[in-house]
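Protein chains in written order, with numbering that gives the first Met the number 0: chain G, 0 to 626; chain E, 0 to 105; chain F, 0 to 169.
Keep in mind the hints are simulated off the structure, nothing from the lab.
Quick caveat, the model's predicted, so the values are computed rather than measured.
We put the CB at the ideal spot given by N, CA and C, even for glycine.
A hint or two may mislead.
Label pairs and their calculated CB-CB ranges [to be verified]:
{"#": "1", "chain 1": "G", "residue 1": "621", "chain 2": "F", "residue 2": "153", "range": "33 to 39 Å"}
{"#": "2", "chain 1": "E", "residue 1": "93", "chain 2": "F", "residue 2": "124", "range": "55 to 61 Å"}
{"#": "3", "chain 1": "G", "residue 1": "569", "chain 2": "F", "residue 2": "92", "range": "55 to 61 Å"}
{"#": "4", "chain 1": "F", "residue 1": "92", "chain 2": "G", "residue 2": "597", "range": "21 to 27 Å"}
{"#": "5", "chain 1": "E", "residue 1": "93", "chain 2": "G", "residue 2": "600", "range": "23 to 29 Å"}
{"#": "6", "chain 1": "G", "residue 1": "621", "chain 2": "F", "residue 2": "141", "range": "36 to 42 Å"}
{"#": "7", "chain 1": "F", "residue 1": "108", "chain 2": "E", "residue 2": "90", "range": "39 to 45 Å"}
{"#": "8", "chain 1": "G", "residue 1": "613", "chain 2": "F", "residue 2": "121", "range": "38 to 44 Å"}
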Amino acid sequence: MNTNLALLLLSAPFLGFLLNIFFGSRLGKTVSGIIGTIAVAVSFAVTFYFFGAIAAIPEGIHISLFEWIQISNFKVDFGFQLDQLSVLWLLFVTGIGSLIHLYSINYMHDDENMHKYFAYLNLFVFFMITLVIGSNLLVMFLGWEGVGLCSYLLIGFWHKNQEFNDAAKKAFIMNRIGDLGLLIGIFILGMLFSTLDFATLKTAISGATDLNMYWLSVAAFALFIGACGKSAQIPLYTWLPDAMAGPTPVSALIHAATMVTAGIFMITRLNFLFDLTPDVQNIIAIVGAVTALVAATIGLVQNDIKKVLAYSTVSQLGLMFLALGLGAYEVAVFHVITHAFFKACLFLGSGSVIHALHGEQDMRNMGGLKSAMPITFATMLIASLAISGVPLFSGFFSKDEILLVAFHHNIPLWVVASIASIMTAFYMFRLMFLTFFKEFRGTAEQKHHLHESSPLITIPLIVLAFLATIGGLISLPGNSWLNEYLTPILPKLATAEHHLGTTEYILMAIAVIGGLVGIGIAYAKYIKQNAVPSEDAMITGFSKVLYNKYYVDEFYDTIFVKPVNFLSRFFRDTVESGLSALVFGFGKLTNEISYQGKKVQNGSIGLYLFAFVLGLCAIVSYLFLAQ
Amino acid sequence: MNNILNHIGIENYIFLSVILFCIGVFGVLYRRNAIIVFMSIEIMLNAVNLLFVAFSTYHQDAQGQVFVFFSMAVAAAEVAVGLAILVSIFRNLGSITIDNLKNLKG
Amino acid sequence: MSTILIIFCVLSAVTLATAFLTIFSRNPIHSAIYLVICFFSIAGHYLLLNSQFLAIVHIIVYSGAIMILFLFTIMLMNLNEEKEVHRPRITRLGAIVSFCLICLILIAIFINSKPIVGEYVTTGEDYQSIKVLGKVLLNEYMVPFEFASILLLVAMIGTVLLSKKEKLQK
Chain G
0 MNTNLALLLL SAPFLGFLLN IFFGSRLGKT VSGIIGTIAV AVSFAVTFYF FGAIAAIPEG
60 IHISLFEWIQ ISNFKVDFGF QLDQLSVLWL LFVTGIGSLI HLYSINYMHD DENMHKYFAY
120 LNLFVFFMIT LVIGSNLLVM FLGWEGVGLC SYLLIGFWHK NQEFNDAAKK AFIMNRIGDL
180 GLLIGIFILG MLFSTLDFAT LKTAISGATD LNMYWLSVAA FALFIGACGK SAQIPLYTWL
240 PDAMAGPTPV SALIHAATMV TAGIFMITRL NFLFDLTPDV QNIIAIVGAV TALVAATIGL
300 VQNDIKKVLA YSTVSQLGLM FLALGLGAYE VAVFHVITHA FFKACLFLGS GSVIHALHGE
360 QDMRNMGGLK SAMPITFATM LIASLAISGV PLFSGFFSKD EILLVAFHHN IPLWVVASIA
420 SIMTAFYMFR LMFLTFFKEF RGTAEQKHHL HESSPLITIP LIVLAFLATI GGLISLPGNS
480 WLNEYLTPIL PKLATAEHHL GTTEYILMAI AVIGGLVGIG IAYAKYIKQN AVPSEDAMIT
540 GFSKVLYNKY YVDEFYDTIF VKPVNFLSRF FRDTVESGLS ALVFGFGKLT NEISYQGKKV
600 QNGSIGLYLF AFVLGLCAIV SYLFLAQ
Chain E
0 MNNILNHIGI ENYIFLSVIL FCIGVFGVLY RRNAIIVFMS IEIMLNAVNL LFVAFSTYHQ
60 DAQGQVFVFF SMAVAAAEVA VGLAILVSIF RNLGSITIDN LKNLKG
Chain F
0 MSTILIIFCV LSAVTLATAF LTIFSRNPIH SAIYLVICFF SIAGHYLLLN SQFLAIVHII
60 VYSGAIMILF LFTIMLMNLN EEKEVHRPRI TRLGAIVSFC LICLILIAIF INSKPIVGEY
120 VTTGEDYQSI KVLGKVLLNE YMVPFEFASI LLLVAMIGTV LLSKKEKLQK
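This is chain G alone, in the form it adopts within the complex:
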């Protein structure tokens, strides 16, 4: 029963993928969209079943389909593990996935390759489910690579635009660097423990007394590099803002809500390993905090509505990594969930705006959309309040817990995270004010066509806004359902204390005031002073550095891309021509020998007889006289 349902969970999106990729063009756009949506919705329904089922089975459901690899005592099963963590992930992957599929039916309706879009999207969901429910690192890696592939396909979905293709390649290559780290980590774990199964690893690691701490740390660090690549942390984050080249629902699903959280999932999954390596945890925390701050500062001055959201995503992911590094996995997971809600809502809202403006993404050409698009405005406002940490919205609870944890462990990290969250509030409301308030700054043509989007777009927005509002309920301070739920995965939680003292309240107040200050500054600047970000050429000073993203892309270009290009050119022009001359030389030599040898075969029997006799002599003397 469970096996069949798990297979259904997996096969529904895969079937959707097959149907769409092979028959999609014949089925018509709406039908292919409906197929895609239903496929994911089926998975969502099955997930609900499992959600109910594992309530009775705290240790989770383990399904082994077949033995995949067996070398000596090293054994890898192709199996699934449905426990609290993976079901939680499945819930929001398939749930938000269904909403975004629904949204895409309308959003992508003008695209000629809509069936391909849905095929890729379904494939993505399939791989994401594989990643989440894999019972060992190798199956997880399968999904990990698969989502990377789908991300590549969808970023470059409008492949006629070369810039988009470059963005897709950039994402793919950056992910490759991270994936190499992940692979190395997997190999080291396989070498140390002869198994890749999560459950076995857990018992092996927590039970062992004579662990090789050096290799364990190296493995944890390598895995963290993998997480860095997938979850866009410094130094591998630059692909995520560029990934906004893809269709907006893709940005919402893959590059905000689900795929980029894979790194957090992996680290949470292997929490028993990271708990043993405090050095790596420190690195994770610092990297997370720095990423949060750097991405937030860049986000302050971006003018592309999706770029702002992208940097906001990087920044929020940084906060999650900060929580992970401090050992507060449940807090990171909590923030992943709330972030998935409000960031998906924000992306979909921005998609609605872009759709209404026929592809316009620059906020300088927006404004005053509040009256034209009330639903979009309302939902985005709710999501912005949530991400800014305004009390009672979901983001408030999760972000506050991160800050709390940071404060308890390391004050400097808390300061950094707090600054980042103040900035978050600022740039989110900068986005809101520039987009929805004041006068419309676009063309008259655009203004004429302004309209609220169709229900297919607004319904997912409303649902997500609702979730972004109440999402915090799953983990209220002091009475956390999520913490209890995750206790089988994170045994530390059982003993943790949940009390709210004065310090906590003060911190909470500071965070709230910080958020409100951020909003206030944005209000003062963009509503009171009526400021509009200046044209690209007129940006000066530090904001120019920020606007150009600290020149990190240029830095990478100089450090890595150009030398590699130079090397490639060198090899192409110098080494390859030498090598090919060598190869061609062999060819020519053989040709020449054959051409000369051909003359021997002139049809003269006399000559053949001579050759025959001499050959006989040679063979006979070799056989009898050579010894």
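Mind docking chains E and F on chain G? Use the hints.
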């Protein structure tokens, strides 16, 4: 059963056969008349047959002689077919000089 | 020097000389005649080796059948006078060199293998009279014997087909 091997060593026959065989080879290489080439081949065959018989006597085993018998049958067949081929070549080309047979070149 | 050795030497001399003459004579008819003599001397060797059956078969098959075939063919082609142009000197030189080479090599081989060939010992057993050979041939070698007959039949049919005058196509 008295025979020559009671009086002289078998190596005399070996050398005789070898020289006879080499004369055959020489003939094949030296002459260009296909008939003579054919005759040289017969000489080579006979050289081998002679050695067979000599060793058969030496080992006092009838098998060598039986083999010679079969080889004679094969030689007869070969000569018959070969000469027939030569005749038809002669009819077509007007000569049986092997230098003219260059069709093997393909 | 015993009589038998003298006979051997004379026969060998005849064999080799006629073999050479077969190759060197300009007239193919002469070649054929020399070859007949060569075959007869080889039959003499068979007799010396006490294998009467083979000697007789050899005379019948080679001197009787094969050489007659050769002679007929030569006459059919009207080759009784020398038409052959001499081959270039390099070819003849090459032939002689090859001859010497293969001679040298084969003799070297047999000299090398001398130690294997031991003394000749007789057991007095009858192994090569016509009676014994007939039994061996028709018992042990029954099947090859039959195949030989099929081979000869096939050769005969082939020969007839080959030497039939081709019909004019046009």
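> Which numbered hints turn out to be false for this structure?
Replying inline: none
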